[in-house]
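S.K.: Work from the hints to combine the two standalone chains into their complex.
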Amino acid sequence: MMIKVRNLKKQFGNVLVLNDINLDIEKGEVVAIIGPSGSGKSTLLRCLNLLEEPNGGTIEINDVKLDTLNYKSRDAYQLRQQTAMVFQHYNLFKNKTALQNVIEALIVSKKMKKENAIQIGEELLKRVGLEKQAKQYPITLSGGQQQRVSIARALAVKPHAILFDEPTSALDPELVNEVLQVIRQLADQDTTMVIVTHEMQFAKEVADKVIFMADGKIIEQGTPEQVIDHSENPRTQRFLRQLVDELDVVER
Amino acid sequence: MNFDLSYMLEVLPGIIKYLPITLLLAVVSMFFAIVIGLVIALIRNSHIFGLSHLASLYISLFRGMPTLVQLFIIYYGLPQIFPSLTTMGAMTAAIIGFSLKESSYLAEIFRAGLNSVEKGQMEAGLAVGMKKSQIYFRIILPQAALNALPATGNTFISLTKETSLAFTLGITELFAEGKMIASASMRFFETYLAVGLVYWLLIILYSWGQKYLEIWLSKPLRR
Ligand SMILES: Nc1ncnc2c1ncn2[C@@H]1O[C@H](COP(=O)(O)OP(=O)(O)OP(=O)(O)O)[C@@H](O)[C@H]1O
Ligand SMILES: [Mg+2]
Chain R
3 MMIKVRNLKK
13 QFGNVLVLND
23 INLDIEKGEV
33 VAIIGPSGSG
43 KSTLLRCLNL
53 LEEPNGGTIE
63 INDVKLDTLN
73 YKSRDAYQLR
83 QQTAMVFQHY
93 NLFKNKTALQ
103 NVIEALIVSK
113 KMKKENAIQI
123 GEELLKRVGL
133 EKQAKQYPIT
143 LSGGQQQRVS
153 IARALAVKPH
163 AILFDEPTSA
173 LDPELVNEVL
183 QVIRQLADQD
193 TTMVIVTHEM
203 QFAKEVADKV
213 IFMADGKIIE
223 QGTPEQVIDH
233 SENPRTQRFL
243 RQLVDELDVV
253 ER
Chain S
20 MNFDLSYMLE
30 VLPGIIKYLP
40 ITLLLAVVSM
50 FFAIVIGLVI
60 ALIRNSHIFG
70 LSHLASLYIS
80 LFRGMPTLVQ
90 LFIIYYGLPQ
100 IFPSLTTMGA
110 MTAAIIGFSL
120 KESSYLAEIF
130 RAGLNSVEKG
140 QMEAGLAVGM
150 KKSQIYFRII
160 LPQAALNALP
170 ATGNTFISLT
180 KETSLAFTLG
190 ITELFAEGKM
200 IASASMRFFE
210 TYLAVGLVYW
220 LLIILYSWGQ
230 KYLEIWLSKP
240 LRR
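Top line first, the protein sequences correspond to chains R and S.
Positions 3 to 254 (the numbering used here) are the ones given, in order, by the first sequence.
Positions 20 to 242 (the numbering used here) are the ones given, in order, by the second sequence.
Hints are supplied without guarantee of correctness; some may be wrong.
[Stated by the list, open to error] With beta-carbon atoms standing in for the labels, derived distance ranges:
1) S:Pro-85 x R:Val-66: 53 to 59 Å
2) R:Asp-217 x S:Phe-156: 37 to 43 Å
3) R:Lys-116 x S:Ile-100: 50 to 56 Å
4) S:Phe-156 x R:Lys-137: 19 to 25 Å
5) R:Asn-21 x S:Tyr-231: 54 to 60 Å
[As the list claims (entries may be wrong)] Just a sample of chain S residues kept apart from chain R, beta carbon distances all over 12 Å, derived:
6) Pro-32
7) Ile-67
8) Thr-86
9) Phe-101
10) Thr-111
11) Glu-127
12) Phe-156
13) Phe-186
14) Ser-202
15) Ala-203
Keep in mind the hints are simulated off the structure, nothing from the lab.
If you're wondering where the values come from, they're calculated on a predicted model, not measured in any experiment.
Note that CB positions come from ideal geometry on N, CA and C, so glycine has one too.
Pulled out of the complex, with its shape left as it was, chain S reads as follows (with noise of 0.2 Å):
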């Protein structure tokens, strides 16, 4: 068999040193994400009729294109309409692309998470004296988001993985780097190999910090 486990284990270093690029590019993504989402959610859930059409249209939108042409669209096509685009790097163009992509699942995902908490709380605030604004802050949400984690927790190991389509833009980051590093070795199997074992690791950790945080967040709820 012409597999060589210790060409593998000598490219992991190289690999690793791009995987605050890879990071940097779900992290970010996904903080805008989120933003964008909740706003989208809120909108959807309002019922006020223009707008909530409007956000259903924007989540038919994102959701229903292929990330890679969304991608493609931002970073080669925006700038031919709008000529003032074309200093866009391509960092801003992948972030943007994923954050509109995954804001577009994460509306979905936060409006059922707000759907699911009691309405009865929202009725018992008011009767109280408490405003809208501030039942939904310090009683809604941090319920729904605790409904919304494990979903929410997905659609981040999922951007993740997504993010190696960054290189379509020419940036370097994890799997870019690999492609490099296998098409002047033509080591594939074993390079390929070492990425895919980076993204695995990293989604492992992930996972486990994601586990704890609902743990603690779910002690309210729990008998």
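Only chain R is shown next, with the shape it has when bound in the complex (with noise of 0.2 Å):
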């Protein structure tokens, strides 16, 4: 097992936004989560590397157990390396080059040789499609362009998950597509994923798994067939046809 979660909690003040999260996550899997907003789809994410500080749980991740309750800064750092998140806004280091923000933390936190991690880091921004844009500053790409350095940055510490948030909400349209490519061919290479996503078809064509959040609990999972195409669940249901109207919107 990959990620294995259990009894996850968080509330913000008084108000409850997981609850009794359980999860179980194999090598090698893509998970999506889906669910309305509000549910805690970000919050749970944001708590499997401690971004968010839970209320009670416990979280494991490739042999790193880490009790929420009771656990040192030093314990933090070992679960946060285990893992690597894209974010909806890319967040990329401003002041750095794209190579740069790939392997700035190759040089700082994983100490390797600045020739060694130039080199991986080139091949990473091939890996994206974005070997020309090397020494470019954030400023000056798309926002597809962004958030692929954003997913090169990711995959440099060579994580054994990495955490998508979004990662498509932030985009124009016709930018979409490309960092869909890029996430499916981790996809076809194994690498285990959980990503928090609104595009229904993507989440049908490369999960394993999906996940339908709301209220801050797993509400139901299974295949993707199981749970959009032909879930049983009112909540799911619900949820998916609000979805397909809204749509139907926002296409007349």
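M.R.: Right, here's the structure in full:
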């Protein structure tokens, strides 16, 4: 098991945002998390690398196990080393070039020699189709390009799993596909990924497992066919129907 | 009109001789003000309850008192309370006074600079396994410095002019020298105008340097 979450709880003030979450993700598995706005998808992802501090439960990623009520900053650091994250708004380092963004962590936290890091960085940029943009600063890149740099940055640290929080939601429609294409490739290479997304078609295509969340709970999980096409859960059905309606409005 | 241009030109070299003292006061005070200001800004941002309140108090205190009064408290007042300080030189006292004063302005400027850097970059750094301090020094501070540069430059400009207050502690810098020349020759207008022009020239040179520094530093952030 690559990721194992037990009884995870998170509250903001008095509001319970994650209510007793249990999650198992196998090595090489691609998991899509769907659900209405405010259901706790981002919070769940951000608890996995402790960008949010959980209020209970255990998280285990690739043999690093952490009791969220009793851990040291050393343990948190260890757990974070296991994953990397891709954010909705890319969050690239603005004062670094594309290449520098990719190799920054290799140099400062993995203490890698600069030449080696550059070599790895250039290969990764090539993999996401941006070898020509290596020396450009984020502000000169399109949204799609920035997101691909951020994926390369995540890959650079050789994470055991990559967490994606709505990687295409901030992109213009014509740029969505270039980013999805990169994620498809990663899925083909059996990268363990957890992807929060509103792109149902994409989720169906790449995910081995789909999780539907609402009100801080996992309502249902299963294969894409089970959850997206043939769900018998009224809550899931309602969510998917609304999504279709919204799409209709946009297309009209 | 009773204006003697040639006299003004004649006293200029004598005044300019004291430029290094003014520069020394300004640059050394600025250096300490930046260090102290940065520490105070980081403390204020730290949300450690007691400490961040102390930092606010510091800022409020030093911003709220006239520079001249602070200089007098330090140079004439402190030795009365702590006799061991009687050996403190006027130059030291002036530098301490200016550093404390300007650091309170800089702390606020730096804090605004830090807060203007998008928070997502900190999270992105943590998510790829960097330490908080590494992210601060390599990602956040360089961008914050750029954002804070114009206002920091203005602070340095006003500090440079304020160093003329050091004459009240008996330090001979640009202004004090001008004062002596003027009262000897009774040509107040020409002498003080010469002093003023030297400050002006200094500020022009500095502003010009800062402009190029800004252009150079902001290269990554421009399209
Ligand atoms: N820092 C915070 N402080 C207080 N409440 C928060 C905070 N972050 C999130 N919340 C609340 O927690 C709940 C879950 O938020 P979360 O961002 O995880 O939802 P989401 O499923 O990712 O939604 P979306 O699809 O809109 O991104 C929401 O009600 C949100 O308002
Ligand atoms: Mg979200």
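S.K.: Each hint needs a verdict: does it hold in this structure or not?
M.R.: The hints, checked one at a time:
1. For S:Pro-85 paired with R:Val-66, a C-beta distance near 58 Å keeps the hint of 53 to 59 Å intact.
2. Under the hint 37 to 43 Å, the C-beta atoms of R:Asp-217 and S:Phe-156, about 41 Å apart, fit the expected range.
3. About 55 Å separates the C-beta atoms of R:Lys-116 and S:Ile-100, a value consistent with the hinted range of 50 to 56 Å.
4. For S:Phe-156 paired with R:Lys-137, a C-beta distance near 23 Å keeps the hint of 19 to 25 Å intact.
5. Hint check: R:Asn-21 to S:Tyr-231, Cβ distance near 57 Å, so the stated range 54 to 60 Å holds.
6. No Cβ of chain R approaches the Cβ of S:Pro-32 within 12 Å, the least distance being about 45 Å, so the stated non-interface status holds.
7. With a closest Cβ-Cβ approach of about 16 Å to chain R, S:Ile-67 is found to remain outside the 12 Å limit, as its non-interface label requires.
8. Every CB of chain R lies more than 12 Å from the CB of S:Thr-86, the least distance being 35 Å, so the non-interface label holds.
9. Non-interface call for S:Phe-101 relative to chain R: holds, since the shortest CB-CB distance, roughly 41 Å, exceeds 12 Å.
10. Every Cβ of chain R is farther than 12 Å from the Cβ of S:Thr-111; the closest lies at roughly 37 Å, confirming the non-interface assignment.
11. Interface exclusion of S:Glu-127 from chain R stands, the closest Cβ pair being 23 Å apart, more than 12 Å.
12. The Cβ of S:Phe-156 does not lie farther than 12 Å from every Cβ of chain R; its closest approach is about 9 Å, which violates its non-interface assignment.
13. Chain R leaves S:Phe-186 outside its interface by the beta-carbon criterion, the shortest separation being 42 Å against a cut-off of 12 Å.
14. The beta carbon of S:Ser-202 sits about 53 Å from the closest Cβ of chain R, which is more than 12 Å, so the claim that it is off the interface holds.
15. No beta-carbon of chain R comes within 12 Å of the beta-carbon of S:Ala-203; the shortest separation is about 54 Å.
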